[in-house]
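Protein chains: 2
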Amino acid sequence: MEKHAIIVGAGLVGSLWAVLLAKRGYAVDVYELREDPRQAGFIGGRSINLAMSTRGWRALQKAGIENKIREVAIPMRGRMMHSEAGELTFQPYGKEGQAIYSVSRGGLNIELIQIADQYKGLRFHFAQKCLGVDLRANTVHFEHTGTGERRSVQAPLIFGTDGAFSAVRRSMMKLPRFNYSQQYLEYGYKELHIPPLPDGSHAIDENALHIWPRGQFMMIALPNIDGSFTGTLFLPFEGEANSFQQLQTDEQILDFFRQHFSDSIPLIPGLLEDFRNNPTAGLATIRCLPWCYEDKVLLIGDASHAIVPFYGQGMNSGFEDCSILDELMETHQDNWSHIIKAFNQDRPKDANAVADLALRNFVEMRDRVADPRFLLRKEIEAHLNEKYPEDFLPLYSQVTFSHIPYSHALAEGLAQDGLFDRILAIEGVAENWRDNPEVGEVFRQWLREKGR
Amino acid sequence: MEKHAIIVGAGLVGSLWAVLLAKRGYAVDVYELREDPRQAGFIGGRSINLAMSTRGWRALQKAGIENKIREVAIPMRGRMMHSEAGELTFQPYGKEGQAIYSVSRGGLNIELIQIADQYKGLRFHFAQKCLGVDLRANTVHFEHTGTGERRSVQAPLIFGTDGAFSAVRRSMMKLPRFNYSQQYLEYGYKELHIPPLPDGSHAIDENALHIWPRGQFMMIALPNIDGSFTGTLFLPFEGEANSFQQLQTDEQILDFFRQHFSDSIPLIPGLLEDFRNNPTAGLATIRCLPWCYEDKVLLIGDASHAIVPFYGQGMNSGFEDCSILDELMETHQDNWSHIIKAFNQDRPKDANAVADLALRNFVEMRDRVADPRFLLRKEIEAHLNEKYPEDFLPLYSQVTFSHIPYSHALAEGLAQDGLFDRILAIEGVAENWRDNPEVGEVFRQWLREKGR
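Note that the protein sequences, when read in sequence, are chains A and B. Oh and the first sequence: position 98 is 194 in my numbering, straight run, nothing missing. Oh and the second sequence: position 359 is 455 in my numbering, straight run, nothing missing.
Some hints could be false.
If several chains are the same, the list does not tell them apart, and a pair holds so long as it fits within one copy or across any two.
Below, in silico cross-link-like pairs of lysine-lysine (DSS-like), each with a Cα-Cα straight-line distance of 27 angstroms or less [stated by the list, open to error]:
{"id": "1", "residue 1": "Lys-270", "residue 2": "Lys-225"}
{"id": "2", "residue 1": "Lys-474", "residue 2": "Lys-286"}
{"id": "3", "residue 1": "Lys-286", "residue 2": "Lys-270"}
{"id": "4", "residue 1": "Lys-392", "residue 2": "Lys-164"}
{"id": "5", "residue 1": "Lys-392", "residue 2": "Lys-158"}
{"id": "6", "residue 1": "Lys-286", "residue 2": "Lys-392"}
{"id": "7", "residue 1": "Lys-225", "residue 2": "Lys-99"}
{"id": "8", "residue 1": "Lys-483", "residue 2": "Lys-164"}
{"id": "9", "residue 1": "Lys-437", "residue 2": "Lys-164"}
{"id": "10", "residue 1": "Lys-191", "residue 2": "Lys-158"}
{"id": "11", "residue 1": "Lys-216", "residue 2": "Lys-392"}
{"id": "12", "residue 1": "Lys-99", "residue 2": "Lys-191"}
{"id": "13", "residue 1": "Lys-437", "residue 2": "Lys-191"}
{"id": "14", "residue 1": "Lys-216", "residue 2": "Lys-270"}
{"id": "15", "residue 1": "Lys-158", "residue 2": "Lys-286"}
{"id": "16", "residue 1": "Lys-158", "residue 2": "Lys-99"}
{"id": "17", "residue 1": "Lys-119", "residue 2": "Lys-474"}
{"id": "18", "residue 1": "Lys-99", "residue 2": "Lys-216"}
No lab work stands behind these hints, which were simulated from the structure alone.
Start from the sequences and build out the full structure, keeping to the hints where you can.
So, in C-alpha cells, the structure goes:
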C-alpha cells in the first residue's frame, strides 16, 4: 500500500499524529479548517490552558518535542482550595516531585505544527473546511474558507482528528449500525481573566491548580506563563439560584461573587466585562463505535471520544491514542488492516472509562475536595502508597502519573472506594489513623479479597 | 394563537395525532414522504405486524376507530414456545380474556389516514420529503419526491412524527446542548413468510405469538388476518457460529434451520428465497432530550424514542404519547407553552424506561422463556396476582395491560425480581409452591419491606 495519509484537523492530536506518521516515512497531507496559527495567531487570542500529564508527555517525547514544551510548562503540584472565607488548603496530586503541567493550547499547537512542517513529505493545507468523506472511495471533500474553491483528495488512509464536532465522523454516522451518543451536562462554563501583578508575577500561587469548590458549582484557575491565570466558572445554565440564568445584571453578578468567591474579586479586575463578553459554553461527552471504516478511515482523539475537562485528560487521552497507534504500527509493520482492527477493538473501552472518570471528577472537584473526610482519604492514600508501593497506587495517580489503561484504573478506583468505605468507618480514624493498626489490617484484608 | 399545526410524517403516530388535533378544532397539514398508501398500497406490500395492547387501544378509542380495528385484530393470548425437538409450551400473557392483538401496520395506517381525511380542516400532502426545519421561523422545508418542487410552509405548531430517522430531529440536533444517542444491537432481523394452509387457515395456532427461543438467537411468528404468519429471525450479524455472517450458502441456511428450527421448515416453503431476498435489518434504540424547541416544535413517537421491538411497545408508546398530549390539551386549554413543557418534563423518563424494558425483554424472549424456572415464576406471578390483585400485578401486565407509567412499571419489575430471587430459593418450590405457606410469607414480608 502507498504510504500516504490524509489527516483532517491540525489541532493538537492531528498535528502530533502527523509528526508520528511522517517519522515512519509516510507522506502526509494535513487539512485544517482554521488559518495557519503561525501567521493568524491562535483563535480568540486567549490562551486556553491544558494540564499535561504523563500520558501526554510520552507522546510528545515520541514526537521529539518533550523538552521544548517542558521549558514553557508550569508545574502544578496539587490543588489549592479556596473556602468562602478565603482560607486556603493545599492537597498534593501525587508524590514529592510529581505534578501536572499547565501548558498553553495555542503555543503547543504552533510548536507541533512547526516540528511537523520540517518533514519533507508532510504538507499543511489551511483554511480547508471538510465537507464530508466518501468512505468507500477514500476521498475527502474540502472547500477553501476564503476563496470557496472546492477540491477532492484521495489517500489510502484517512484520519479524522477534527474534534468533538468532527466532519469525518458525521460522514460515518450514515453507516449502518453506527453507535453514537452526545450528552451535555446541565452546566456551562465561562472564562474569567486573572492578570499578572504589576511586576509580572502571578497573583496567587502559580504551582497549584486553584479551586473554589462550592458544592453544586465551582471556579478554577490555571497559571499561564505570562503571569496571568485563566479562571473558569462552572455553573448550571438554569435554576432558581446559582445559575447563569439568574446572573443577568451587574449587581447580580457582583452579589454572587461577593457571596461565593469574595477572595477572587480583586484578582479579576475585568469581572463584569469578562462575564458579559465571554460566551457561556456547554460541556459534552461524545462516544461512538466503531471508530473506523474498514481499514481506510479512523477517528482519533475528541472526534471519537470527547470528554468533559475535569480530569485534565482530554488532550492526554488523544495523545495516548497516537502513542498506542505508533506502537501498533511497530507491531503490525504498517499492516493497517491489523492496526485499525486492534485499535478499534481495544481502545474504546479505555476512552469510555476516561469519559466516566472525567464526569466523576466533576463531583470531586466542585464538592468533595471541600470535605475534610475527602482530604483525610487523600492523606491515607498517600501513606498507603508510600508504605505499599507495589500494592497501592491511588486512582488519581493511575490516571495522571501512569500508563495504566484507563479502564483498569477505573475498575481499581471503584475497588478503592470500597476500601475507603471501610477505612473511614474505623472509629476515631481521623485522629488515630497513623497509629491505629486496624487501618493496615483492613488494607491487607482488602488486598487478600482482591486476590493479591 | 392560530389553531394550526404542521405534522411531519403520516405514519401511525402522525396520522393518529392528526385526528386528535383535528377533533379539537385545529387546522392540520400533514406532510408525508411516501405516496398516499390508499392508492400506492403499503410499501413493500408485505404486512409487518404490530402487537396492539392496552395503551394503543386507548388512543384508538380517542380517535374513534377502536371498534373498527378490533374487527381485524387477531388476539394472541400468550406465547407458544417451540423447542428444538418441536415440542410446544404455552404461557399465557395475562389473565383469562387478556391478549395482545396482531394488527397489520399498513391496514391500520390506511384506516387512520381515512378517518383523519374526514376532518374538514385537515389536509394530507404526500410525496413530500422534509429537508429540514427552520426552528426559529416556524418553517418546514419540503421537496416533492416526484417533481422536485420545493416549498416552505409555516405554522405556530410543528410536530415531528417522522420516525427513528426523523428529519425534524436532525434539525434540532444543531441546537446547543441537544442530547442524543443511537445504539444498535449486534443483532439483525430477517422476515420469513409462513403462508396459509390450502384451505386459507393458519398453519399453527393463530391465537399465540410463536417463539423459537434458542438462547443467543430466536425466531418469532405473528399471525396475519389472511391466514399467514410473519416470521422473523433475530440473529447476531457477526460471529463464528449462528450469525448472519455464517449463513451464506443454501446448505448453510438449511443446516442451520434443520438444527435449530426444524419444525418451521415445512411452514416456510420459500425459506431460501426469503432469506436471500429479504434484507437483514438492524435494531436501534434512539433517545434524545429535549423533545421540543421552545413552544413551537415537538417530537412524538419514534422520532424522540425509537425502541427495539421485543416488548411490542413501540407503536403503543407512540400512541400513548398522543393520549397524554390530548389530556394535556384538555388540562392546559390549548396553552402550548404549558403543554409542551409538561410533556417534555414528564414523558422522557417513561420513554427511557420502555426502551430499557424492550432491551431486557429480548433476553427474556430468546433465552429465559425456555427456562423451566422462568415458567414457574410466571405461574406463581399469576397466582399472586389472582390472590392479591391489589398488591401484585406482574411487570408484563403493568406494561401491556395497564396505563401505569413505564418508569413505575420498570421500578416495580426490578423489585419483583428481588421477590422472585427469594421465592425461587425456597426449597422444593417448583413442586410445593401451591401448598407451601413460605411462599405467601415471603410475599407478605416483601410487601412490608416495600412499605405497603
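For each hint, the structure was consulted:
1. Lys-270 / Lys-225: Both ways: Lys-270 and Lys-225 sit 19 angstroms apart in one copy and 18 angstroms across, limit 27 angstroms.
2. Lys-474 / Lys-286: neither (29 angstroms within a copy, 55 angstroms between copies)
3. Lys-286 / Lys-270: between (34 angstroms within a copy, 21 angstroms between copies)
4. Lys-392 / Lys-164: neither (34 angstroms within a copy, 55 angstroms between copies)
5. Lys-392 / Lys-158: within (24 angstroms within a copy, 53 angstroms between copies)
6. Lys-286 / Lys-392: neither (39 angstroms within a copy, 29 angstroms between copies)
7. Lys-225 / Lys-99: within (24 angstroms within a copy, 43 angstroms between copies)
8. Lys-483 / Lys-164: neither (35 angstroms within a copy, 78 angstroms between copies)
9. Lys-437 / Lys-164: Result: close neither inside a copy nor across copies, 34 angstroms intra and 54 angstroms inter.
10. Lys-191 / Lys-158: within (25 angstroms within a copy, 69 angstroms between copies)
11. Lys-216 / Lys-392: within (23 angstroms within a copy, 56 angstroms between copies)
12. Lys-99 / Lys-191: Neither. Shortest intra-copy (44 angstroms) and inter-copy (68 angstroms) distances fail the 27 angstroms Cα cut-off.
13. Lys-437 / Lys-191: The answer is neither: 38 angstroms in one copy and 51 angstroms across copies each exceed 27 angstroms.
14. Lys-216 / Lys-270: Classified as neither; 36 angstroms inside a copy, 40 angstroms across copies.
15. Lys-158 / Lys-286: This pair counts as neither: shortest intra-copy Cα distance 34 angstroms, inter-copy 49 angstroms.
16. Lys-158 / Lys-99: For Lys-158 and Lys-99, only the intra-copy Cα distance (20 angstroms) is at most 27 angstroms; the inter-copy one is 65 angstroms.
17. Lys-119 / Lys-474: neither (42 angstroms within a copy, 65 angstroms between copies)
18. Lys-99 / Lys-216: The answer is within: 14 angstroms in one copy meets 27 angstroms, while 67 angstroms across copies does not.
Consistency with the previously given hints fails for numbers 2, 4, 6, 8, 9, 12, 13, 14, 15 and 17, ordered from lowest to highest.
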